[in-house]
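Residue numbering for the sequence shown follows the UniProt record's numbering, beginning at 1 and increasing consecutively.
Don't read these hints as lab results, they were simulated from the structure.
Mixed in with the good hints there might be a few duds.
[Stated by the list, open to error] With a straight-line cut-off of 35 angstroms between C-alpha atoms, the simulated DSBU-like cross-links for lysine-lysine are:
{"#": "1", "residue 1": "75", "residue 2": "49"}
{"#": "2", "residue 1": "30", "residue 2": "77"}
{"#": "3", "residue 1": "56", "residue 2": "75"}
{"#": "4", "residue 1": "49", "residue 2": "191"}
{"#": "5", "residue 1": "77", "residue 2": "175"}
{"#": "6", "residue 1": "49", "residue 2": "175"}
{"#": "7", "residue 1": "75", "residue 2": "175"}
{"#": "8", "residue 1": "56", "residue 2": "77"}
{"#": "9", "residue 1": "75", "residue 2": "30"}
{"#": "10", "residue 1": "191", "residue 2": "175"}
{"#": "11", "residue 1": "77", "residue 2": "49"}
{"#": "12", "residue 1": "30", "residue 2": "191"}
{"#": "13", "residue 1": "30", "residue 2": "56"}
[What the hints assert, rightly or not] With beta-carbon atoms standing in for the labels, derived distance ranges:
{"#": "14", "residue 1": "17", "residue 2": "127", "range": "45 to 51 angstroms"}
{"#": "15", "residue 1": "91", "residue 2": "58", "range": "39 to 45 angstroms"}
{"#": "16", "residue 1": "127", "residue 2": "72", "range": "27 to 33 angstroms"}
{"#": "17", "residue 1": "124", "residue 2": "72", "range": "35 to 41 angstroms"}
A virtual CB, placed ideally from N, CA and C, is assigned to each residue, including glycine.
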Amino acid sequence: MTEPLIELEDVSYRYGDTAALEHIFLTVEKGEFWAVIGPNGSGKSTLIKLILGLIKPLSGQIRLFGRDASDFREKEKIGYVSQKSNAFNRAFPATVREVVRSGLVKKTGLFRRYPADADEKVDNALAAVGMEEFADRSIGDLSGGQQQRVFIARALISNPELLVLDEPTVGIDRKHMQSFYNMLGRLNREKGIAIVLVTHDVDTVSELVTHVACVNRSIHFHGPHEEYSRQESRIRSEWYGHAVRRVHHGSQAADA
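All chains, please: the whole structure from these sequences, using the hints.
Here it is, written out as structure tokens:
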């Protein structure tokens, strides 16, 4: 039996006197696709920072691939994509190929040469996200959605087993959002990459994700998506602390 990719056991974190997360238990297994949802300020991004080792928990234990997070050194196993398209400097002088190739740095080290097959790895990563024809374009010439696909290719170049995305569709228009999520679904199904996705669009990704975690300082729900979808709207509103509005795409929005 393989070790879980992520295990959080009774994890808490505070910013000064303010509790950000309290008593978090969460396990992510190989090949799962998790949607992490919750209201603004609920601790979702803090949860991601804890998983990535950017901050240390006040209490509790975090294990990555069966090892204590403080001892985890195989960073290439985890790809990370943030809200980059919302703040990316379009004047940055780099091609798509150069941006994706820079993802090898965490495996080779900052001052080491790229491997001989670096260009092949770049081509494979771009093909995985449908961006191979843009390899020699300037990154600043692309749309927000195209840039995010490039950043995912950058995360994929080291062949990670886990992909962590913190609201990656910020800056992507609604028209292209579903195709972006469909691409994530293909990566999960066809390449077996486990995905942890922070999103406000749980209904948009409902047919893609396997599990849902609802975070609002503590975890109010975590489990299979089918079980989450059966929860009454009143219960979901209690988790969020306010009424939850569900959007049915292709029709008018309706209150949950």
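Next item on the list: Hint by hint, work out which the structure violates, then give me just those numbers in ascending order.
Entry: Hint check: 17 fails alone, others pass.
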